[in-house]
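Peer 1: The residues making up each chain are set out below.
2 protein chains.
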Amino acid sequence: MAKKMNAFYAQSGGVTAVINASACGVIETARKHKDKIGKVYAGRNGIIGALTEDLIDTSKESASAIAALRHTPSGAFGSCRYKLKSLEANKAEYERLIEVFKAHNIGYFFYNGGGDSADTCHKVSQLSKKMGYPIQAIHVPKTVDNDLPITDNCPGFGSVAKYIAISTREASFDVASMCATSTKVFVLEVMGRHAGWIAAAGGLASDKDTEIPVVILFPEVAFDRKKFMANVDAKVKQYGYCSVVVSEGVHDADGKFLADQGLKDAFGHAQLGGVAPVVANMIRQDLGYKYHWAVADYLQRAARHIASKSDVEQAYAMGKAAVELAIKGKNAVMPTIVRKSDKPYKWTVGEAPLSKVANVEKMMPKSFISKDGFGITDKCRAYLEPLIQGEDYPPYHKNGMPKYVRMKNVAVAKKLAPFTVK
Amino acid sequence: MAKKMNAFYAQSGGVTAVINASACGVIETARKHKDKIGKVYAGRNGIIGALTEDLIDTSKESASAIAALRHTPSGAFGSCRYKLKSLEANKAEYERLIEVFKAHNIGYFFYNGGGDSADTCHKVSQLSKKMGYPIQAIHVPKTVDNDLPITDNCPGFGSVAKYIAISTREASFDVASMCATSTKVFVLEVMGRHAGWIAAAGGLASDKDTEIPVVILFPEVAFDRKKFMANVDAKVKQYGYCSVVVSEGVHDADGKFLADQGLKDAFGHAQLGGVAPVVANMIRQDLGYKYHWAVADYLQRAARHIASKSDVEQAYAMGKAAVELAIKGKNAVMPTIVRKSDKPYKWTVGEAPLSKVANVEKMMPKSFISKDGFGITDKCRAYLEPLIQGEDYPPYHKNGMPKYVRMKNVAVAKKLAPFTVK
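Residue numbers (our numbering), protein chains in the order written: chain U, 68 to 489; chain E, 68 to 489.
Simulated from the structure, these hints should not be mistaken for lab results. Just so you know, these numbers come straight off a predicted model, no measurement behind them. Be a bit skeptical, because a hint or two may be false.
Identical chains blur together in the list; that is why a pair holds if it fits in one copy or across any two.
Each computed DSS-like pair below joins lysine-lysine, with the alpha-carbon atoms no more than 25 angstroms apart [said to hold, decoys possible]:
{"no.": "1", "residue 1": "470", "residue 2": "446"}
{"no.": "2", "residue 1": "376", "residue 2": "470"}
{"no.": "3", "residue 1": "357", "residue 2": "331"}
{"no.": "4", "residue 1": "438", "residue 2": "70"}
{"no.": "5", "residue 1": "465", "residue 2": "410"}
{"no.": "6", "residue 1": "482", "residue 2": "413"}
{"no.": "7", "residue 1": "103", "residue 2": "293"}
{"no.": "8", "residue 1": "465", "residue 2": "275"}
{"no.": "9", "residue 1": "482", "residue 2": "438"}
{"no.": "10", "residue 1": "465", "residue 2": "376"}
{"no.": "11", "residue 1": "438", "residue 2": "376"}
{"no.": "12", "residue 1": "410", "residue 2": "470"}
{"no.": "13", "residue 1": "152", "residue 2": "70"}
{"no.": "14", "residue 1": "197", "residue 2": "293"}
Excised from the complex, chain U in its bound form (with noise of 0.2 angstroms):
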C-alpha cells in the first residue's frame, strides 16, 4: 500500500458566501480519513500560495474552527485571480508545483473555484502523465455565476439568488409605499457579466403568493431601449410602480456594455460608474419617473447572513464528496449536483469528468427568457426555486453581529528556495 500522502486545497477566484462551506466539507471529510490522508494544507491566497510554497496547516485548527467555516463567508484562506499557462507556455510553473508538493507529500489536489479552475485543475491532473508524479486532481465547484456546465447548478450561486430574489421583493415594497408622491422606479444592479443567471434571480421577488412587476435587463439579450422604456412604462401605468433588475454585462445589439458611457467628471477624468445608475438616468430622460438605484455588488456574494440552505449544503456536500473521490482513487474529476426532482426538492452528488468541464460556459437556456426578453419562464423558476430554499442562518454574538470564524493560519515551514510568482 502506498505511503500516507497529504492533501492540498485552495480557493479560487471570486469568493462566495458558502465557499469556506466547501473547504469545511474538504477539512472534516479529510480529518474522518487520516488512515487515508494526512494533513490539509491550504493554499494562502489560492494557488499561488502552492507556487511560493505558502502553506497554511489547518491541523492546527481546532475542530470547533473548521465547524464554523460552514457558516463563514468569503475565502477563509485567501484566494487569488491567477490561471496557469498551459504546460507547454510556462513549464517551470508546473515543475515548482512538483518541486512543492513532493517537498511536502502532497498527493490529493483539490482546487475550489469555476471554470478557469477547473481547467488549472485538469492541467494538474495532467502532470502525474506528463511528468511522473502522482497526483490525484479533483475540483471542488464554486461560482456565483453559476456557470459551469454538467452539475445542475454551482455552490456560491443559491445563496447570490436569495439575497437579490428577497432584496428585490423589499426593495419593490419600499417603492410601492413611495409610489403615489414619491419613487416609481427601482433599479438593482446585479453581478454576472456573460450570463444572466444571477439577474434571473431578480424574477423569483414576483410569484402567485406576491405578484411584483419586475423588469430584468439580460446580458442575453441586446438593450433595446425603446422596448424597454415601454416595458417600464406600461408596468409604472399599471401597478403604480416597477423594479428593474440590471446584470452588470448588459450590453447593446453592438455588444457595447450600457455600464460604458463614456462619463467624464467636471476636469474631464474618465469616471468608472455602474450600470444601474445609467438605466435610471435613462429613465428619468425618457418617461421623467423618479427612480432610486442600488448596486449590490460585492454584498451579494458575501451575505452569509441570507445564506440559502441547499446552497450550504452542497457546498459542503461538494468538499465532502472531492474528498471521498479522492480516496476512491479519482483523478480529473469534480463531483457534481444532479438534480432528481424539482417539487419535492430532491438532488445526489455525482461526478464528471474535467476534460468536459473546463473551458465550458453554460450560458442560460433560451427557455428560461421570457418571450419579451424581460422576465423568467415557469420553467426557469422551476429551476431556480428549489435553489433559494431554506435558511441557513449563521450564529450571533450578543452585540447583535454574525459569530464569522477567522483561521489562525499558521504557517508550514518552507523547505525549498523562493519562487517569484509573474
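We have chain U; now place chain E onto it with these hints.
Peer 2: Relative to the frame of chain U, chain E by itself:
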C-alpha cells in the same frame, strides 16, 4: 361619557423595515380597547388619504394579517412625502381635515413618521383649540435617520444599522480574501444626508472579536481628500485591504456634495451618480488600488430579513404606547424610548411633548466621532450596539421567499365632495 370615536393612522415619509410593526402595535392595541376606540382608519398614502378622504378600513383585515405586519417591511397603507403648511398659510387643508374627521367620527390621529411628520402632527393637535374640533394627535416616531430629539433612538434606525454593520463585515471578509491579487478597497454608500448615524453603524463591522479596517466618511466632517487617502493607504498597507463606508451627504469644506461631480455622458448630458463611485474613482486616481463599490439605497431600509430584534420590539412598543396615551386622554405627545442601561440593554417607554419634538434635528454628538474624523468612539459603540441586538426573522414560504403580508386595503365609503391636493 363621550361617544366612542374612531382613529386615523397614517404612515409618512420614507418607509422602513419596521414601520409596519408600529402599525401592528397601533391596530392590535386599538382592537383590545374596543370600548374606547372604534375603528382604525388608515390613510391611503399617508396624510394625503386624509385630505382626499381616501380611508382604509383596517377592521376588514384579519387578526393574522395585522399580526403579519410586524414582520413585513415598507408601509402597508402607502406613505407620502407631503408636509402641511402652517394653519395660516393653508387653512383650507386644515378645514378639510376636520371635515373628514367629523364625517368619519375620528377623534384620534396617529401619525407615524420623522421630524416633518412630528411637525404636522403637532399642527393637527392644535386644531382642537384653534378650530374647536376635539382631536387627540399622537406622533409615532419612525425614521432611519435617527434624528428625532428626546427619544433615545428612532424605530427604523436599528435595523438599517444592523444591515449596514453586517453587510460591511461580510464585504470586508470578501475583500480580505481577494486583496493579495485583486480588490484592495471596498466602498459602501449609505443613507443619511444630514446626520451620520447610519454611516457610524459601518463602524460596528469591526469589534474586539473581529477587527476590520473601516474608514467612515461622515456628513458631519468636511471631506479632506489628502487626509482621507492617507488614512486608506495606511490601512491597506497594514491590513492588506480596507473598507470605506461613505454617507450620501458627505461634502467638502465649502458645502459641495462629493456626489455632485458634474458628471456628463458622452453626449454631454448631466448624469446623476452616487458618491460611492466618486470616492472609488478618487482612490484609483490617488492610490491606484483596485476597488469595488456598492450603493445600498433602499436595500438598507427595506431589509426586514435581517431586522434588529430591539428595533422591531421598539417599533411595536411605540405603536402600542401611542394608543395607550390616547386612551389616557393625551394630546400633542409622542411616546419615546428611554434608555436605562447599555449592558445589559434596558429601556422603557417615555413621553415627549410634540412642541419639543417638531423641527428639532438630533445630530451625532461630536464625542461619537473619533479624533481623526474617520471612525466611531467607544461612546458611540456603547450607544449603537444595543440597537442592533437580536435577530427577528420573518417566516418563509417553502419556496425560499419571506412571507410578507399585503393588506386588502378596503376603502371606506366616501361621504364628502372631492378635494384636490396641490
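Peer 1: Could you tell me which of the numbered hints above are not met by this structure, giving the numbers in increasing order?
Peer 2: 4, 6, 7, 9, 11, 13 and 14
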